[in-house]
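All chains, please: the whole structure from these sequences, using the hints.
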Amino acid sequence: MEDLDRLRTDCELAAKFWGRTFSALGAVTYREKGVAALGDLWVLLLRQHQSEFYEQGLRKLGIDDGEPPAIKAAKYHYFTNMIGGLTMDYIEESPKKVWIRYTAPMWTYPGTTMLAIPGSLRRRIFTAWHPRNGKLMRCPRLGWVSTKFIMEGEPYDEGYFQEYDRELLPGEEYRFEVVHRTPEFNSAKAPQLDAKIWPEARMLKARRNWSREYVRTTIDCLFQLFGEQITYFIFRQAMRGLAIQYTQELKQDTQVAGADSDAIAKFIVTLLRACNQQFELDRGGAKTRIKLYSFLPFPGHASEELRSAMFEFPVMAARLLNGRVSVIRQAKPEYETWEIDDAGKWLW
1 MEDLDRLRTD CELAAKFWGR TFSALGAVTY REKGVAALGD LWVLLLRQHQ
51 SEFYEQGLRK LGIDDGEPPA IKAAKYHYFT NMIGGLTMDY IEESPKKVWI
101 RYTAPMWTYP GTTMLAIPGS LRRRIFTAWH PRNGKLMRCP RLGWVSTKFI
151 MEGEPYDEGY FQEYDRELLP GEEYRFEVVH RTPEFNSAKA PQLDAKIWPE
201 ARMLKARRNW SREYVRTTID CLFQLFGEQI TYFIFRQAMR GLAIQYTQEL
251 KQDTQVAGAD SDAIAKFIVT LLRACNQQFE LDRGGAKTRI KLYSFLPFPG
301 HASEELRSAM FEFPVMAARL LNGRVSVIRQ AKPEYETWEI DDAGKWLW
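Under my numbering, the first residue of the sequence shown is numbered 1, with each subsequent residue one higher.
These are computed hints drawn from the structure, not numbers from a lab. Any given hint might turn out to be false.
Per label pair, the in silico range of CB-to-CB distance [what the hints assert, rightly or not]:
#, residue 1, residue 2, range
1, E249, L4, 36 to 44 angstroms
2, A195, R31, 52 to 60 angstroms
3, P118, G85, 22 to 30 angstroms
4, Q255, G111, 21 to 29 angstroms
Keep in mind that this is a model prediction, so the values were computed, not measured. Positions of the beta carbon are idealized from the N, C-alpha and C atoms, including for glycine.
What follows is the structure in structure tokens.
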């Protein structure tokens, strides 16, 4: 397999894993804390992510600083979400009015999960980022108007950036409008990233990093909202549930056959490699050992509790695939060892 082929496979797998992790964190928060708490989480994480990445993102994406604010804002969302793997529409009605659509299926809540989330949450989510673009670009005339929402039975989330002829008062930067007929998307007229600046390899790595960073930011926001113990609980539940729901699908993606201890070890290391983790593999003797040196999306000094919570995924994945195989973790400050072993008897 050529390097670019391997990168495509790895980044697609990692983006799915991190994306499902992000979705699981939100779903468990909703289950345990309710819709208001999930709304608080979304607002905090989007504003934190925006403050950290928006201005540098405009530069990295090659968006011309001289373009009208509505076009700049819409291009940012179009480009970043396309890089992240979402499907988008972009329509310039005028230099001061630009539409974008987030088309189905939803990346945030895959499958039927979307049907369980109240429409009011989606409306609140859109208060967190899009209306603040004007402030960050120092254009107080720029606002955002939401027109459609998937969670209210529409085929996409839709709205437009509007540059008004006057500075907006506080609260005027965001409003809702019922619009039954909206402009048609023409892909031939959509903006394109510069292929020289954004070759395929960079796009692939950016997609992996984009989904991974949302997990990191979400955990950080959970700490701020609920403290350590509740965050660890939510993270553990998310990783266990993720393994229960998606191990078979992810294993199929890795093209690993079988369910013995060797196959389970191969599945785990394939996922670790795809997620760009740093590790060593030792197949000596009857047991397979993985020495893990990195703990992405967290820094190397991640707490024992975070690392332990993340470990819930391989433990549950092994149990799901083969009730005779155990994965045991031994932690040290600078690395940890995962030992995969067939006990020769049913463990559960």
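Structure-based check of each hint:
no.: 1; hint: E249 to L4: 36 to 44 angstroms; in the structure: violated (24 angstroms)
no.: 2; hint: A195 to R31: 52 to 60 angstroms; in the structure: violated (43 angstroms)
no.: 3; hint: P118 to G85: 22 to 30 angstroms; in the structure: holds (25 angstroms)
no.: 4; hint: Q255 to G111: 21 to 29 angstroms; in the structure: holds (23 angstroms)
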